[in-house]
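K.L.:
Each chain, written out:
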Amino acid sequence: MLTAKGYPNRLGVWGWLGGGRWGMERYLYTLHRLTGLGLIFYFLLHILVTSARAFGEAAWVASMGRVTGPLFTVGEYLVFLAFAFHAANGLRLAFIELGWGVGKPFEPVYPYKTSVDFQRPLAIVALLLAALLAAAGTLDFFVLHKGVTP
Amino acid sequence: MIRDAKLWTWHVLAGLVIFVFLGLHMLIMHLDDVVRIASLNPAGGHPIDWANVVARGKMIFFPITYTVLLGAALFHGLYGLKNILFELNLGDGVKRATAVVLALLGLGLFVYGTWAAFASLALARSL
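Chains as they are written, first to last, in the numbering used here: chain A, 394 to 543; chain B, 125 to 251.
So that you can see chain B by itself, here it is in the shape it has in the complex (with noise of 0.2 Å):
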């Protein structure tokens, strides 16, 4: 129980980062016509064409905000499908798989998505 409730109050922080972090995410992917921030779209265009997405990329603030979001986002989302899947009525063993299935997709996520982000932080600055 009291595992559970620390693990229910890492959820509620980690959705509060998520909100800052995945807030501004949305703001430059998605809201870039109506909040116009030119020095994170430099390129002009589409936030997704290649120069701006190389413009980004030479940013540290960029990987080391989106290993925090990726770290929270994960955790948060697989910790809730975990709660959603228990609720199911489901047996102990698959209770025991699931949550290992969970955690182990969550770390494989994470560490390819660090390495994505500081490859691609390494890439940008080479061009």
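So here's chain A without its partners, still in its complex pose (with noise of 0.2 Å):
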């Protein structure tokens, strides 16, 4: 049988939080990796906190009354701007998984042109996809509402 041996990550961590000088679609891989991070551990509690809500009003209110206060104001406010940076930059990697909107394959001739040329389009829609949504969650979250989610 056939196996991937792959090749050891010497850097661990830093093998991706560090971009170096790669382009700009390298530190939104990087920024889509915390994000992510981020919204599987902020999930996993979201579906304990919110099922409370099978079990009656008072459990529900109770269950709410703990995630109240300035402090998770913030946080859930954090975990909008990660949503909508992971949501539009997971719409965008989609996109390239599929071959939409990166171009037909050409033959390379020198000089050489780089495929992030024809992907950049991309990633700059995405970026500004992630500002209206986080720009919406801030005028939702801060000027037009009134606090709290769970």
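Keep in mind the hints are simulated off the structure, nothing from the lab. C-beta: ideal position from N, C-alpha, C; glycine also. Among these hints, one or two may not hold up.
Derived lysine to aspartate or glutamate pairs resembling EDC-like cross-links, with alpha carbons at most 16 Å apart [to be verified]: (1) B:182 to A:490; (2) A:497 to A:510; (3) B:219 to B:157; (4) B:130 to A:450.
One side of the interface only, derived from the structure: several residues of chain A facing chain B at Cβ under 7 Å [stated by the list, open to error]: (5) 431; (6) 433; (7) 480; (8) 529.
Hints in hand, dock the two standalone chains.
P.N.:
This is the structure we're talking about:
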């Protein structure tokens, strides 16, 4: 049976945290991972907290009471920002995975062109979408809204 | 390798499912003052007020979409976490144990979350 040995990750965590002189997409990759880690840890707790609604009003109110306050509002806002970035950048990654919006393959003839040039507009659109979502969320959290959600 | 390629495809597809249903969830819970959808928060006030939770809880749409979102998000998140952990040069035994723990965690939370979604439907309809 064929098995993939892969390459050892000699740099460990720093291997994916530090992007060096690589392009913007390399840093989007790092941010995608960081926001993804934040979102999954939040989500696991979110399941437990919001399941209280199955036990009736008293349990729900008590559960929500435990996640109320300025600290939780800021935490919730950070989760929203992580969602905005991870969703928009994730859509970009799905597009690239499917070969959409990155141009057609071409023969590599000197002077070589990098595929990143063709992917860059997609990255900019993803960042604009994330910024739009973040702006809407900021408006809702701090200007129009009344506080905390679980 | 083939199994990994299939799991990666499911990871991408789950991401697209999450984009749709988590987008809707965020619209209802966190963008309710920017995009007002009165029928989803009929009692007015905050989306987490018990009256709104009960009103949404009576609609079959929510437990079904919550369950789809729950499954997609658990798979997407825990598979992503597993891939990140596996890059840290873990030994084979630790890798196997990590995969089993994450799979059991995902299954357990999926069962519990699904039960909560449908128990909430029954409770809301009984009120």
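K.L.:
Now tell me, hint by hint, if it's right for this structure.
P.N.:
Now the hints, each set against the structure:
1. Simply put, residue 182 of chain B and residue 490 of chain A have alpha-carbon atoms about 39 Å apart, too far for the 16 Å limit, and the pair is violated.
2. For the hint pairing residue 497 of chain A with residue 510 of chain A, the CA-to-CA distance comes to about 13 Å; that is within 16 Å, so the pair holds.
3. At most 16 Å may separate the alpha-carbon atoms for a hinted pair to count; residue 219 of chain B and residue 157 of chain B exceed this at roughly 45 Å.
4. Taking the CA atoms of residue 130 of chain B and residue 450 of chain A, the gap is about 43 Å. The hint is violated against a cut of 16 Å.
5. At a threshold of 7 Å, the smallest CB-CB gap from residue 431 of chain A to chain B is about 11 Å, leaving the interface hint violated.
6. Restraint check, residue 433 of chain A versus chain B: the minimum CB separation of about 4 Å is within 7 Å; hint holds.
7. Using the Cβ-Cβ criterion of 7 Å, the hint placing residue 480 of chain A at the interface with chain B is satisfied: the shortest such distance is roughly 6 Å.
8. Given hint, residue 529 of chain A at the interface with chain B, holds; its Cβ is 5 Å from that chain's nearest Cβ, closer than 7 Å.
In this structure, the earlier hints numbered 1, 3, 4, 5 are contradicted, and the remaining ones agree with it.
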